[in-house]
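Given only the sequences and the hints, what does the whole structure look like? Please build it.
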Amino acid sequence: MPHLVILYSGNLDSRSDMSLLCRRLADTLLEQRDEAGKAVFPPGGTRVLAYPAPHFAISDGGAAGRAAGGDGDYGFAYLNLRMGRNRSEAVQQAVGAALASVAKAHFEPLMATMHMGVTLQIDVGAEVFDAKHSSLHPLFNRTT
Amino acid sequence: MPHLVILYSGNLDSRSDMSLLCRRLADTLLEQRDEAGKAVFPPGGTRVLAYPAPHFAISDGGAAGRAAGGDGDYGFAYLNLRMGRNRSEAVQQAVGAALASVAKAHFEPLMATMHMGVTLQIDVGAEVFDAKHSSLHPLFNRTT
Amino acid sequence: MPHLVILYSGNLDSRSDMSLLCRRLADTLLEQRDEAGKAVFPPGGTRVLAYPAPHFAISDGGAAGRAAGGDGDYGFAYLNLRMGRNRSEAVQQAVGAALASVAKAHFEPLMATMHMGVTLQIDVGAEVFDAKHSSLHPLFNRTT
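Read top to bottom, the protein sequences are chains D, B and E.
Per our numbering, the first sequence starts with residue 2, numbered consecutively.
Per our numbering, the second sequence starts with residue 2, numbered consecutively.
Per our numbering, the third sequence starts with residue 2, numbered consecutively.
Some hints here could point you the wrong way.
The list makes no distinction among identical chains, and a pair is therefore deemed to hold if it is satisfied within one copy or across any two copies.
The list that follows gives simulated cross-link-like pairs (lysine to any residue, SDA-like), each with its CA atoms no further than 25 Å apart [as the list claims (entries may be wrong)]:
| hint | residue 1 | residue 2 |
| --- | --- | --- |
| 1 | 39 | 93 |
| 2 | 105 | 62 |
| 3 | 105 | 139 |
| 4 | 39 | 112 |
| 5 | 133 | 29 |
| 6 | 133 | 6 |
| 7 | 133 | 115 |
| 8 | 39 | 126 |
| 9 | 105 | 127 |
| 10 | 105 | 37 |
| 11 | 133 | 63 |
| 12 | 39 | 142 |
| 13 | 105 | 138 |
| 14 | 105 | 73 |
| 15 | 133 | 16 |
| 16 | 133 | 113 |
| 17 | 105 | 6 |
| 18 | 133 | 18 |
| 19 | 133 | 92 |
| 20 | 105 | 90 |
| 21 | 133 | 11 |
| 22 | 133 | 106 |
| 23 | 105 | 142 |
No lab work stands behind these hints: they were computed from the structure.
Just so you know, these numbers come straight off a predicted model, no measurement behind them.
What follows is the structure, encoded as structure tokens:
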């Protein structure tokens, strides 16, 4: 189970296609291969969820942005991937680099006109209990 | 303080009563007893929050589901319980099993008609700072 | 990168100015100084996001509150700050105390009339991958 959760300032919704970003990131997760050429993440367990925050405060609230000639409306997106414990450090770094590259490309046009920050972090889950129930996995485990 | 946060694809809102799921899970938390028969969680500190994601991407986006005769509309719910450090592993496992059972029963009718995944994980908080302020706890700590 | 995420029961939205709380907390983060008098957090990397949960269940659902003469409508806010690994324990505690004090003052009027809980926790990020891309940071790193 990898899942990627995006928390972002709600003012990005009118400026960026966040559903498209979710799809691009999910496709990137599905494309990842480990050292043996095997898919890193199972298709039935790959999901990306994005949440606009209706309330937020970023940095100084706009003063520096206005002083620099902008409109002082700052943006922020935080992408957090939680993945399981059984992957190599090389795989973790490759996955991170691939996702960061997609996020950067997605937001680049917006960042040219808006003061905003994008952060991507990967955590390795340290769960003490884990249960899965799925009618999705069987779609991808068919032998016929 | 236990809290359970549910992150799920927004397309479940019209198909499942998520407020009811929250209540069922909160009741389940309140029912938990440790090895000594004592309540695991304090009533005033038990809460469940559920968040539909307006933007999401799951698995291959629908192709395999449509190929299998479904409508390709996938769903996903991720339940994460964060609990304190001072419980035994047996208690953690019992709490997880009880919550997973409730979630499974809740989603079972939907899973029969929709390709979806449900994941439940428990994390033990590793916070370096913890402050609580409550007008709820005193409701349950009265001696009169 | 510090970020503070507030998860709260949606019934607080009509009773408390959550955007104002975000601003107050961001200002508090920006004011923090370490043992050497240096800003703990970079201005371009300071953000607070607040999310009302449309679905939630708290404690016993209202029975004890009604028995105590209230309306049984409980509230809950969970504030979680994630900060980097390179700060002293003294700084972590000072930041936590400052944020908890702001949250307590903000909710105090509401807590006098509503049964609610406020929890603030600080986690130190254990990310295995970290990438940042920002057009905000340069605003605060100018030497001219």
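List, from low to high, the hint numbers that the structure doesn't satisfy. 4, 10
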